[in-house]
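Residue numbers (the working numbering), protein chains in the order written: chain A, 1 to 493; chain B, 1001 to 1493; chain C, 2001 to 2434; chain D, 3001 to 3434.
Please keep in mind that the hints were generated in silico from the structure rather than gathered at the bench.
It is possible that part of the hints are untrue.
[What the hints assert, rightly or not] List time: in silico DSS-like cross-link candidates among lysine-lysine, alpha-carbon distance up to 30 Å: (1) Lys3308(D) x Lys199(A); (2) Lys36(A) x Lys1433(B); (3) Lys433(A) x Lys368(A); (4) Lys21(A) x Lys3334(D); (5) Lys2008(C) x Lys1368(B); (6) Lys2142(C) x Lys1157(B); (7) Lys3217(D) x Lys3271(D); (8) Lys2045(C) x Lys1083(B); (9) Lys1473(B) x Lys2271(C); (10) Lys1433(B) x Lys3290(D); (11) Lys477(A) x Lys3290(D); (12) Lys3271(D) x Lys477(A); (13) Lys3008(D) x Lys1021(B); (14) Lys184(A) x Lys368(A); (15) Lys3142(D) x Lys3209(D); (16) Lys2159(C) x Lys2271(C); (17) Lys2334(C) x Lys83(A); (18) Lys3334(D) x Lys35(A).
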Amino acid sequence: QAEGLIFEVGTPDTTGVDLPKPKNRTGRLGGVARKKGTGLPGLSEPQAVRHYMRLSQKNYAIDLGLFPLGSCTMKHNPRLNEKLARLPGFADIHPLQPQATVQGALELIDELAAWLKTLTGMPAVAMSPKAGAHGEFCGMMAIRQALIARGEGETRKRVLVPASAHGTNPATAVQCGFVVDEIKANEIGRVNMEQLREKLQTSDDIAGIMLTNPNTCGLFESDIREIADLIHEAGGYFYCDGANFNAIVGRVRPGDLGVDAMHINLHKTFSTPHGGGGPGSGPTVLSEALAPYAPVPFVVKDEDGVFRLVEDMEGDASESFGRMVAFHGQMGMFVRALTYILSHGADGLKQASEDAVLNANYIQSRLKSVMTPAFDGYCMHEALFSDAFTAEGIETIDIAKSLIDEGYHPMTMYFPLVVHGAMLIEPTESESKAELDRFCDSLESIARRAAQGDETLKGAPYLAPMRRLDETKAARKPVLKWVEPNADSVAAE
Amino acid sequence: QAEGLIFEVGTPDTTGVDLPKPKNRTGRLGGVARKKGTGLPGLSEPQAVRHYMRLSQKNYAIDLGLFPLGSCTMKHNPRLNEKLARLPGFADIHPLQPQATVQGALELIDELAAWLKTLTGMPAVAMSPKAGAHGEFCGMMAIRQALIARGEGETRKRVLVPASAHGTNPATAVQCGFVVDEIKANEIGRVNMEQLREKLQTSDDIAGIMLTNPNTCGLFESDIREIADLIHEAGGYFYCDGANFNAIVGRVRPGDLGVDAMHINLHKTFSTPHGGGGPGSGPTVLSEALAPYAPVPFVVKDEDGVFRLVEDMEGDASESFGRMVAFHGQMGMFVRALTYILSHGADGLKQASEDAVLNANYIQSRLKSVMTPAFDGYCMHEALFSDAFTAEGIETIDIAKSLIDEGYHPMTMYFPLVVHGAMLIEPTESESKAELDRFCDSLESIARRAAQGDETLKGAPYLAPMRRLDETKAARKPVLKWVEPNADSVAAE
Amino acid sequence: MLDVIGAKSVDEFYADVPEAARLKGTIEGLPNYQGELAVERHLSKLAAKNRSASSGPFFVGAGAYQHHVPATVDMIIQRSEFLTTYTPYQPEIAQGTLQTLFEFQTQVAAMTAMDVANASMYDGSTACAEAAIMATRVTRRKKVILSGGLHPHYAAATKMVCEAQGFEVVQLPAAIDDENALADAVDDATACVIGQSPNVFGTVTDLSKSAEAAHDKGALLVSVFTEAVSLGLVTPPGEMGADIAVGEGQSIGNGLNFGGPYVGLFACTQKLVRQMPGRLCGETEDADGKRGFVLTLSTREQHIRRDKATSNICTNSGLCALAFTAHMTLLGGKGLEQMALLNHEAACDLADALDAIDGVEILTPRFFNEFAFRTPMDAEAVLAMLDEAGVVGGVRASRLFPDGHMGDVILCAATECTTPEDIAAYAAALKEII
Amino acid sequence: MLDVIGAKSVDEFYADVPEAARLKGTIEGLPNYQGELAVERHLSKLAAKNRSASSGPFFVGAGAYQHHVPATVDMIIQRSEFLTTYTPYQPEIAQGTLQTLFEFQTQVAAMTAMDVANASMYDGSTACAEAAIMATRVTRRKKVILSGGLHPHYAAATKMVCEAQGFEVVQLPAAIDDENALADAVDDATACVIGQSPNVFGTVTDLSKSAEAAHDKGALLVSVFTEAVSLGLVTPPGEMGADIAVGEGQSIGNGLNFGGPYVGLFACTQKLVRQMPGRLCGETEDADGKRGFVLTLSTREQHIRRDKATSNICTNSGLCALAFTAHMTLLGGKGLEQMALLNHEAACDLADALDAIDGVEILTPRFFNEFAFRTPMDAEAVLAMLDEAGVVGGVRASRLFPDGHMGDVILCAATECTTPEDIAAYAAALKEII
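Start from the sequences and build out the full structure, keeping to the hints where you can.
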């Protein structure tokens, strides 16, 4: 059943919030007062509750079933995280209240930072980035600042980015004033070393490389050490996109692979919930070479055991590339991530990664006879298929939408771009074998129908709250907010 | 989609709870050890979350829409109640920890008690009853004890109960050792005064009367004062069932009507959520005459401002009829109810009652042309219809189940018993006019179809998670727990 | 809306109220409306005056227990669809509630090792009282015998209910360990004997002998527990021949809440099922033949049978039962056993630590997670001094047995929440005091 | 499972990892698994070391504000279906998220009086930086001018981003009230001027003149706010001629959270919509012709446009935006205005109370709910002494402007949470100190 917009349900004279009556004094505003009200309607508390309850039931969520979005690591979100993030000692403290009154908060940031540094084998971490892409920005800014410090800020502008990279990689590089140079994948889904060597030999304008590892094909870059060495020899830095860190936590430390900077998606690897698109959190670990350029603010522990915020670009932070955000980063996400990390421990985190990889390989094995694996051999924590197995006319999107009718969220579609009609499946460690089997059964049956050219797939989903939505229409003449119906014609009268 | 039972989903070697490993010592058990395990399966945390999430979506709830169950007062449950009930200072205190460490809890009970006494105009309240029926039990036990104190415990055994009463009334009377004598309703839905006078004149074995007011026909007993006087003159006591208190809070005090005892459903009138069948809470107010017999424990405030629990039947409690439960009643519900009461205040509670009555009368007015009101004139907070308007073959249940397909919970069906095919509709004060109109539109259209004998109504619901369930089959050979399939036949092999 | 109704004001709807009883204006002596913020402040202040169990070493048991409930459980019971729904009288739109009740019944039956369980009672004490009444109904006898180890609150509630209906209640003298007393007391007039294990002093007892003796005389055994976690380790009612098992389920899924709401567990043998009080959920099919669940055997209940009903209970502890079943679903049999072991081990450690103090005498011979001990001083004074040392040391036995000459006895409990540091703090403080 | 895969152990899956980088056993220097109870204890201890804003009189503002969020809002964002879902890339099963984003965009547009708003940014400061970059893109110019009243954190974040891309940033000197400074500074090379009202000192300013001056030179006005509640009372960006409006939405629906997660609001004029960063939700129809919502104009975004994208932002503040929209839905325009008035009135009362103290000078000429004042002593010392008296009195201006010669200035805020008692406590303590 359709749920009306709040603007259709509410009335302007309603408010669902219990506030005392103001006295209507505006004495000190100096006349800088709003002329026209917002015109926004209010809903009573029961109306509002029902509105959001009904809407929520139109969403799919991890709490309802498997969410196999490759490169997004949709794992179980423990409720202990939510509970602890709501402790008043974390949720109800102000970023600018005196540091003596927030020692527990600073200690928590320091403790989480220590975990992240140890798990990655890196000496420093910037905690303030607010999401993965923001962490990329942090890492690339640190590289930029290091180049400036070397006096090569103006000469080294070229950043190598594989064709299979997340779109954020090239976008970030450009935002930092770099120029993007694309490198190709080889036939086994990894960096084309020949081309890489070529690009590095021909010039001395290399700022660095941005590489995802495990990469977006779900494969570990086997030449990773050599890539790092080549980049370093060429005078550049190695940025690693940490989106797929969940495959290797506790098995490999990026610091041992020659990485100079890597963001960590707390909302992927460490289970802070995605919330329908955020908030995320993207702490970025830095190598010895980049550590001096970390952004402010950061926490240091003084010898007397007192935690201190370094907020100004002086002293410990005199070489910092600057400030990325107001305040200290995503505290609410830090609490959740640390809760998850402590609950798992060094042993549990390793186990989780291994289970994630095991689950992905299980899916790949179960489906390889009916679908087309993009590459031979084992995968890491996600299994990648091309659309080669489908009959003409049946596309990846049809398979994805048909999964909805089976009660599942679709996998990642058409990414990475290097594989035709890509389907990237990441089950994560949260799933039981029984659940994986049910999922494989469903996908297997859809895949068979796709191979046979079953046209009904093209109409899917049939059982979802809505049928396929017309995205072209939405973009053609965008309607981005609600407008009173006939408001124009009324005005014209 | 069907959701399996946990016994079908889980496995016996799984546990979803993170506990340290025990050392397997059973040193002080003295051998009184369990021989056979429970055999119960465990679910991992993600499995358990999904199981309950999916199941929850098969429920209707107030938070999803209007819930017009007559005599049940399904009103909006503010979330502030839930938040405050979870404060560790209320949720995490033990009923037997030293009283000096729970002064805030005792003060809260005392504060809520003061509200209940003032709102009802009664001098005393027993806080420990755990639900409405338990409150009835409390009130009738107080009456029994008062009669014993008068030396009439063995002679006065007869309790008058109207035919329209809730089933708990006669059941409770019997549980207190009384005998039930039914009195009829008159043609305008109220107590038949002639019959009442007759019953009171003929004997001196009257213990009291149990009356619901407003009564279950949704009407105020206009002769209430006279009834009280007659009962008192006959040497009996007046128990008032407070299930419908929501109609009159702030407009009438039961104490002014001659009531001797009345339970208050905190889970109806004061918005503590019903929780799918409890927990409730049924504090019972008592008149001067019954106050000395109140059950232990209760809270008193000493002159030095210290709150004290009277737990033993001595001193203040020497005439108490005894103890009804372990500990002090439904603290969690007290917090919620007081939150609601304070949020509304004396003015807001009165307004709520008036709105509840207004809403019911609006529904009655809107529907009276297509349905058959059971009685003429205004109703209180619920509108009662008979099935006289339906064509032959269409029953109340068909109308109720058809409402489900319109997105509503059905009204109360076939109760009170004194009206044929009764439909008792209680909208409460939570609903907006727009919501009431939508509901009336739906019911109106169903009523028209019922009048025309539309046979499709008999198949409803069509759109619910399940079609009509076979209650006869369930009762014939009851299956009350899950049993391993073929467990018997395997055992027999 | 008044226009549609044809009324001038809401006053007209109240015309049937006797003139003298109509209140003018708002009710006197009560404050008006307060905003959410003000209410939150007020309640928070009251809450802050109480000392929460988790704020320090805490050893109070005797019918309610501090346990760790996974955060997931609270999330589940806060789902609007569970929290804000009614008794599932319309099963087509209440399968969520009904299926969880069916799961609850199955779990309780398995844990107690009984045939069937109902969908919950108010709490353990009222379940005990109902069991006594049910036994009189089953046996058509009028005498109920209560063990000296039965929790005094349970005994009081049971006594009150039974006597109201004219039944005789025999209360055996308070005793830490009275294994054979019930067997000795039962006679041909007895409807049931009510024993408890672990009892209020923590003593675990195999009630099989009481069951045999009772059955020999045509009476029933009602077996009571106040600590549901014990079912993971201790001989359950069904293994001792109980006819009815009742107990408090608070320990699983539910917080301390100053005594309520809790959840009463009620189970019995198959042949007694139609004499049970309370709601029952049963399996059936819908019109399409799909498996579903409904409330069933309601001909036992007050809304159908009125004065002939098995009980007057209707609203019970639905949401607390859901919390119980969600926690049990996470635990599973394996987790329950693990939790029970942790409880027992903590209590053993506590007993060892206290036993080592001169002047302390552990009185409970066999226990699960709580026990009684004697101090050389007045128990109330000892507890007050412990309190000053930051330790909530337990309950003085004299609070539960005011006439029991137990002024020097303390009841204390340990659970999986009890840390070695807590135990050390207790022992150190107690040693200091006595 | 390994059998199906045909692998002997999980080690095989890690064969591509260079031998030297393979860790043996678990990683060194880190503890293993802890149970839920132990983790809860540890985190609770850390939390207890912090002083929460609600625990006493609290007057810190300057970019984050203590407000009362109705309990309903937290219930809504804790719904599993909102909390644990992903970016709504599959609109058929994400209408819940999408429709609320559409409602959010409409609310933000109405509140700022702008044509369109996006589906949120990380926070106010990053929204400000993105606005500057967007202005350079729109105007193809390279100079950005920052007001002296812009929050220093916003200025720093903007400066950093702009300079990385080679743009010039002109930072005007810190000034409590510099109404005309932006108008004076704008020139033909300017991409945008960035003003703030209420500014970091609390001063409310009509930026219309700056808008006119900017437009005359072909530049844009970016109007910033850090206190979203002010939009209920103060002249909004759209009424001052802003081309882009950005701000912090934390005050509505979101707690203090020590600085994050917050929610950046971003709105602009219709003609700039295709230059906007961030996600946008738009209306469309499904195959049956039913109204529905999808993410749209994604050709601006990095996952389609890669290095040509308007921004690299993808994950934003979805759930915080939901909290914002839920709170706003409850408030409505009427409630927002009411809340804004309560804030203003509390701040007026605070200013009156402090102004009455000898030696205190209120510096902010016009304000909404926060202002700066001068003390006759070092501000840090004053705040420390206030702290001892139980009052968190505000932020010293020198923390935000280390080089600003503002050692004796305190920034303080009052909200609807501020009680008369809080104000009295502040005034009494301050009087005592100076």
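Of all the hints given earlier, name the ones this structure violates by number, lowest first.
none
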